[in-house]
Amino acid sequence: MLFRFENGIFKPVLLQNVGEYLDQAINPILRQSFTIQSGERLLKFNDKFISYNNSFRFYITTKISNPHYPPEISTKTTIVNFALKQDGLEAQLLGIIVRKEKPALEEQKYELVMTIARNKRTIIDLDNEILRLLNESRGSLLDDDELFSTLQKSRQTSVLVKQSLSIAEVTEVEIDAARQKYKPASERASILFFVFMDMSKIDPI
Numbered sequence: 292m293l294f295r296f297e298n299g300i301f302k303p304v305l306l307q308n309v310g311e312y313l314d315q316a317i318n319p320i321l322r323q324s325f326t327i328q329s330g331e332r333l334l335k336f337n338d339k340f341i342s343y344n345n346s347f348r349f350y351i352t353t354k355i356s357n358p359h360y361p362p363e364i365s366t367k368t369t370i371v372n373f374a375l376k377q378d379g380l381e382a383q384l385l386g387i388i389v390r391k392e393k394p395a396l397e398e399q400k401y402e403l404v405m406t407i408a409r410n411k412r413t414i415i416d417l418d419n420e421i422l423r424l425l426n427e428s429r430g431s432l433l434d435d436d437e438l439f440s441t442l443q444k445s446r447q448t449s450v451l452v453k454q455s456l457s458i459a460e461v462t463e464v465e466i467d468a469a470r471q472k473y474k475p476a477s478e479r480a481s482i483l484f485f486v487f488m489d490m491s492k493i494d495p496i
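This note's numbering applies: residue 292 is where the sequence shown begins, and numbers increase by one.
Please keep in mind that the hints were generated in silico from the structure rather than gathered at the bench.
On a predicted model such as this, the values are computed, not experimentally measured, just so you know.
Each residue gets a CB set at the ideal place from its N, CA and C atoms; glycine is no exception.
Hints may be right or wrong, so weigh each one.
With beta-carbon atoms standing in for the labels, derived distance ranges [claimed, not checked]:
#: 1; residue 1: Leu375; residue 2: Ile407; range: 24 to 34 angstroms
#: 2; residue 1: Pro303; residue 2: Glu478; range: 35 to 45 angstroms
#: 3; residue 1: Val486; residue 2: Ser365; range: 24 to 34 angstroms
#: 4; residue 1: Asp494; residue 2: Asp416; range: 49 to 59 angstroms
#: 5; residue 1: Phe301; residue 2: Thr369; range: 15 to 25 angstroms
#: 6; residue 1: Leu433; residue 2: Leu375; range: 53 to 63 angstroms
Here are the simulated lysine-lysine pairs, DSS-like style, with alpha carbons at most 30 angstroms apart [what the hints assert, rightly or not]:
#: 7; residue 1: Lys393; residue 2: Lys411
#: 8; residue 1: Lys472; residue 2: Lys393
#: 9; residue 1: Lys376; residue 2: Lys411
#: 10; residue 1: Lys472; residue 2: Lys376
#: 11; residue 1: Lys474; residue 2: Lys411
#: 12; residue 1: Lys376; residue 2: Lys391
#: 13; residue 1: Lys391; residue 2: Lys472
Work out the full structure: start from the sequences and follow the hints.
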């Protein structure tokens with residue numbers, strides 16, 4: 292790993308399965324203390340200056356479920372926790388159970404989620420378009436027929452989309468209520484999963 296860095300930092304690098312202690316040799320990379328020489332960005336690493344490219348990314352992974360890194364590490368990195376939480380597992384298992392028992396209901400749930408997401412995206416896009424038109428407009432707004440027509444159409448579309456969104460959200464509540472009768476099964480399965488996970492911490496001696 293160190294030899295690879297000494298040849299220059301150009302492409303993304305993945306450092307896998309680290310513990311709670313990181314080799315101090317990578318600190319210069321985490322600090323990103325650059326030096327510019329002749330227009331080239333350099334980084335001092337292992338007592339020598341190496342070339343640095345903006346496309347470089349450094350990824351570090353660990354198998355530790357709940358690692359505790361000191362502030363000098365956490366302040367230099369972006370920590371993403373992919374550990375599975377009980378609520379998240381329950382939601383996933385509920386979807387699997389309902390898909391098995393009531394496939395049509397789960398399909399309707401999926402379609403509604405997608406519809407709601409599209410409608411919310413449409414509203415955001417319409418708002419952004421209106422702001423763009425207003426920003427680019429020159430002179431009186433009332434004299435700009437094209438702008439006025441576009442704003443009217445955007446407003447009408449926005450009203451229809453919001454109505455559709457309201458109906459979809461009400462329907463989603465009804466579907467969620469129907470799915471709740473399967474929730475005890477997903478809760479039990481989630482509890483069992485985490486019990487088995489915790490059993491791995493028990494000393495067999």
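Against the structure, the hints come out as follows:
no.	hint	verdict
1	Leu375 with Ile407: 24 to 34 angstroms	holds, 25 angstroms
2	Pro303 with Glu478: 35 to 45 angstroms	holds, 40 angstroms
3	Val486 with Ser365: 24 to 34 angstroms	holds, 30 angstroms
4	Asp494 with Asp416: 49 to 59 angstroms	holds, 57 angstroms
5	Phe301 with Thr369: 15 to 25 angstroms	holds, 21 angstroms
6	Leu433 with Leu375: 53 to 63 angstroms	holds, 57 angstroms
7	Lys393 with Lys411	holds, 27 angstroms
8	Lys472 with Lys393	holds, 12 angstroms
9	Lys376 with Lys411	holds, 27 angstroms
10	Lys472 with Lys376	holds, 22 angstroms
11	Lys474 with Lys411	holds, 28 angstroms
12	Lys376 with Lys391	holds, 23 angstroms
13	Lys391 with Lys472	holds, 14 angstroms
Of the numbered hints given earlier, the model fails none.
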